[in-house]
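Student: Listed below are the residues making up each chain.
Protein chains: 4
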Amino acid sequence: MKAARIVKPKESLQVQELETPKPKGSQVLVKVHSSGVCHSDIHLWEGGYEGPHGLFLKTTDRGVKYPLTPGHEIAGTIDSLGEQAEAFSKNDKVLVYPWIGEGLCPACRVGDENLCDKPRSLGVYAEGGYAEYVLVPSYKYLVKIDEGMDMDAAATLSCSALTAYGAVKNANLKPDDNVVIVGAGGLGLMAMQLAKAVTGARIIAMDIGDDKLKAAKEDGGADDVVNSKKEDPVKAIMELTDKLGADAVIDFVNASKTVEADMQFLRRRASVVLVGLFGGELKLSLVSMPTRAYRLIGSYTGSLNDMVELVSLAKRGVIKPVVSERFKLNQATEALSKLKDGKIAGRGVINP
Amino acid sequence: MKAARIVKPKESLQVQELETPKPKGSQVLVKVHSSGVCHSDIHLWEGGYEGPHGLFLKTTDRGVKYPLTPGHEIAGTIDSLGEQAEAFSKNDKVLVYPWIGEGLCPACRVGDENLCDKPRSLGVYAEGGYAEYVLVPSYKYLVKIDEGMDMDAAATLSCSALTAYGAVKNANLKPDDNVVIVGAGGLGLMAMQLAKAVTGARIIAMDIGDDKLKAAKEDGGADDVVNSKKEDPVKAIMELTDKLGADAVIDFVNASKTVEADMQFLRRRASVVLVGLFGGELKLSLVSMPTRAYRLIGSYTGSLNDMVELVSLAKRGVIKPVVSERFKLNQATEALSKLKDGKIAGRGVINP
Amino acid sequence: MKAARIVKPKESLQVQELETPKPKGSQVLVKVHSSGVCHSDIHLWEGGYEGPHGLFLKTTDRGVKYPLTPGHEIAGTIDSLGEQAEAFSKNDKVLVYPWIGEGLCPACRVGDENLCDKPRSLGVYAEGGYAEYVLVPSYKYLVKIDEGMDMDAAATLSCSALTAYGAVKNANLKPDDNVVIVGAGGLGLMAMQLAKAVTGARIIAMDIGDDKLKAAKEDGGADDVVNSKKEDPVKAIMELTDKLGADAVIDFVNASKTVEADMQFLRRRASVVLVGLFGGELKLSLVSMPTRAYRLIGSYTGSLNDMVELVSLAKRGVIKPVVSERFKLNQATEALSKLKDGKIAGRGVINP
Amino acid sequence: MKAARIVKPKESLQVQELETPKPKGSQVLVKVHSSGVCHSDIHLWEGGYEGPHGLFLKTTDRGVKYPLTPGHEIAGTIDSLGEQAEAFSKNDKVLVYPWIGEGLCPACRVGDENLCDKPRSLGVYAEGGYAEYVLVPSYKYLVKIDEGMDMDAAATLSCSALTAYGAVKNANLKPDDNVVIVGAGGLGLMAMQLAKAVTGARIIAMDIGDDKLKAAKEDGGADDVVNSKKEDPVKAIMELTDKLGADAVIDFVNASKTVEADMQFLRRRASVVLVGLFGGELKLSLVSMPTRAYRLIGSYTGSLNDMVELVSLAKRGVIKPVVSERFKLNQATEALSKLKDGKIAGRGVINP
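Residue numbers (this note's numbering), protein chains in the order written: chain A, 315 to 666; chain B, 315 to 666; chain C, 315 to 666; chain D, 315 to 666.
No lab work stands behind these hints: they were computed from the structure. Where hints are given, some of them may not hold.
Because identical chains cannot be distinguished in the list, a pair is counted as satisfied if it fits within a single copy or across any two copies.
With a straight-line Cα cutoff of 20 Å, these simulated PhoX-like cross-link-like pairs (lysine-lysine) come out [claimed, not checked]:
| no. | residue 1 | residue 2 |
| --- | --- | --- |
| 1 | 510 | 488 |
| 2 | 654 | 557 |
| 3 | 432 | 454 |
| 4 | 432 | 557 |
Quick caveat: nothing in here was measured; it's all calculated off a predicted structure.
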């Protein structure tokens, strides 16, 4: 089979010919139809993240090994099943849950494999979906998708929408809350749709691009928008909330600059959900944490159960994932470059 | 009536003669028997806290007004009731809930008045218990205490034990969790007793004093102890937890140095509950928040309902609050000075 | 002031001239603009409910005293305030929270006064809103409503919508749940709107009237409907749920016949939320409770905080309470009779 | 290998010679050291349960197939592993989680396999532990137990203690709750120990045997006891709770008679957790459910994560499972008969 792989960080991906895996035990081989292109793939490609004190946090220190086939947003059809795999048949259309854990830690035991102590995520720690086939460790990580469902759009449910959903859940929103969603890109828009669908909160979108804020209103259902480049974000939020401040913030950028601003427009008891992987550091006032009863919550993707809920919502049209651009396997480097340069609105998908 | 008041920050408290209040409406006048001396009284006395970037956060900026009668850990007997006050009678022994809110914000509406947007806490924003009498805004803030219960010990339930309890609840401990409790003073010891009584977690006490760690084992029920002055705290916790790291930390110091260490021995998904008012800042790595799924939780005292639960636990001997030293009203300055200098083990109480 | 009162169960209500109360302490006198007419008023009028074994459960055994001014869905303007009442001013438009508790039980302490051990609900245990004025025990039970909001519609938020909301919350719905809502009258329709707004669940409405089921689809947003008079409800639900059964049922009738049917179409782990006051008994198979892991949950109105959330949702148009008929004070008996005979679609309101 | 099997309901168990299974894929073969004898094995042996209206609920209607090797409380050592099984090695001492699900339903996805739509529990739907070896579908269902831990006692953690723990969790106890535990046999005693260890609630034990109530005080840590044969249970509970009634009941008998009594001594908002499989029916007053806000909660065993927590508690001596009698494989019928006749205090265990 063909796979587009990161052989060495920062170099162009290579399309290599690999042996097609044979599923054993509970394993299932999925023929990839769609593999989403995600910002976190760029970090794999660059070999790391920006940490505090100007440090660079290397992916290899977190257990990533190269060469690696990236791709964790995978939809496809079942090719073949191991002898203990059940419940699915050849040619079934499936969405793959990629945030697989070792299965033995407290997170795994309650179905939060995305938070496993020793993760084995597809496209990160194991071979992913920038390939013709992907080997899934168990049929339990597959979710059937309807015949009528667009597979490119479905693929984005397993990370883009899932990360948005996990963040919305972590924000624990109630109908009279004012929530600020920072970053109105693909994840931010999906978070708005989800907050609209499953909480009754009032949504304030914040971004530095007017076109994105327009989409926030039209596609995301934001009640209000703030352009933090043109307006003072603190003043704007205080005005929109009758000087109360935000009950919750979901920050899809999570850079020093955005979080520093976030901390200035919080109501007492506010939760700040940190999602983005931009990096940098925050100088946090320690005494304000107890006196103001703030919560800073790191949010990382979502559970298999969350993904099933997303499939249900998408099937009934409650949320509408958007795919804007499609690439071939040999365009993987181009896809990542375009994404890095901010030239993909919505989500790019590779069709091997 | 006589009251020991902070007339001006940093100056000795003055015992003043004030008019004894007359309860109206739902108000109740309580004759003070015991008023605990708390670390936060020192911040009121000093006029503020150490903030980030070397800033000093002034209490007057948070709405405190001088002269002020401090004292929020109040037990006493009912002197007289307003015409709409009910359920209690003259001479009833009561514990006073001091963390009173305005009553109209989302926190107040669910009984978390301690987290009110516009707090009216006794001894902070309203006249407190370093006095012969204290005026309580409603009979609903009173909890009857048994004839047999020591009133000095009971008084400490409304802040010292309540803060410990709120922190233990915020840590959301489970029986197979390893929790590190940083600071084995009065609050830390009570947190250990409470974690022992209502969670099944394994408790690791951390402090820089061997005598305190001895008490942690004997009185707090700690399973293990770490002297972070003599041992490397990170190495010690990793060894005690089979290299997994702590599932939760409750930090009763909450200084730059302790929290910086906390962040180094966390298991993925860990909660760090920040309680102490020592102050300073933390340089927080933003990208670690989502990837490690950490939670930083500010914890501030507890609710009236929490206090009722503490009274129930203390009555049955499940927890044992300790009062080590008693002062008269004219010794208020001395009491605060001794506390500041670390010369009160357990809790000091003023008996007006 | 004039008040329409139940002097004796089953007799016509009398419009009596009573002394207008004067607010003291934290009390507030509200001039009633709208007072909703509720099914539970009929039980007060009839003097009781149908219990198990053919017993009649008398309201007087539950502490109700006659003569009584009913009316617990009250919107109006502030007339005057006691000396300790604050935050509101004369002529403010307000919605009244009627489910007032004694303030000292565990439910009251966490803001669930509707579940108080010793309730003092307006229009049930204390004089209610079928009158020109109503005396509210504290300003804390008032919620400001916007100038633009219809007061008749607002009034219904304090019981009709609140009961629906409490039930939806107790059902604990998730986006891939199938919930059956039994009874598509006023409460059922509002429950559908709310389930649509704050959960992502798929809603199946069940009723015996095709016109009500039509409204369920059009106004309630139900995904599917079942006429349980024309179809076998068990067969219908099994077909609609791929033979899985319902994840949750909210039963606004709560009669022997409806609940017996409910118990036949449940998925393992299902919750059955019992709301209606129709009465009768259920022969419950005890061994099925553990083996099937069912939950039967009694749901009674909602909290003040829930009501604030409803006001927020109604203000933004997320839910749309409907008032279909208006009466004068001297038409109170007529209003109750029409409601009893099923001749009021939506909600009737008295404008004193 | 030898296995003691129920060939036909109500007939003596037969020790048969079966082929020893060979583990494939993720499967693990465990050499059984201890297999607990449980009340639910009696129902398998008798072929059913007593249902409502005098009906007999047959186990075969719930999917049980005979001949069947019972035994779901299994501790042993690892004999051999399938090629994809990991994390464990030959001779490791392990406790087996028997409440295995299909893996695809909402319960399984969050780790509650005990509540699966299509359960595959060992010793119920699949071959169990009354045998020399048991085949476990995946290494993920194994939990290592310490060298020093008694294997007979450990075995009882997977059902006896787990069912008690699941029930205690479902009761959602708080430190000022009064909980009545009905049935002071093995499960009841363990529930008392657990309620003592992880809640702060006041425990009232209820039984008809004075010896059991003595054990409830001495071994279970009950605060108070009621002999419901000698005293009127309703009057007794009302006296013990200052006429408030019980905040929660955990009923390990769950027969018509016990639950009818339970329903008479409940405080408003009370939860009744139904655990026992005695059977029969309850005539439930429907209107009382909403007005009194009661909750009836069926509780069935517990999750794998719960079992891990129990192992942690037992290891540290917080709970003390008791095994009172040991049998050989050919004594299986005798063991079940003695249990049925109430002649085993504590727990019986088969050592194949």
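Student: Compare the structure with each hint and give your call.
Tutor: Against the structure, the hints come out as follows:
Taking the shortest alpha-carbon separations for residue 510 and residue 488, both the intra-copy value of 11 Å and the inter-copy value of 14 Å come in at or below 20 Å. For a Cα distance limit of 20 Å, the shortest separation of residue 654 from residue 557 qualifies neither inside one copy, at 37 Å, nor across copies, at 37 Å. With identical chains, the CA atoms of residue 432 and residue 454 are at most 20 Å apart both within one copy (19 Å) and between copies (14 Å). Taking CA atoms no more than 20 Å apart as the test, residue 432 paired with residue 557 passes between copies only; the shortest distance there is 13 Å, against 44 Å inside one copy.
Hint violations for this structure: number 2 only, all remaining hints satisfied.
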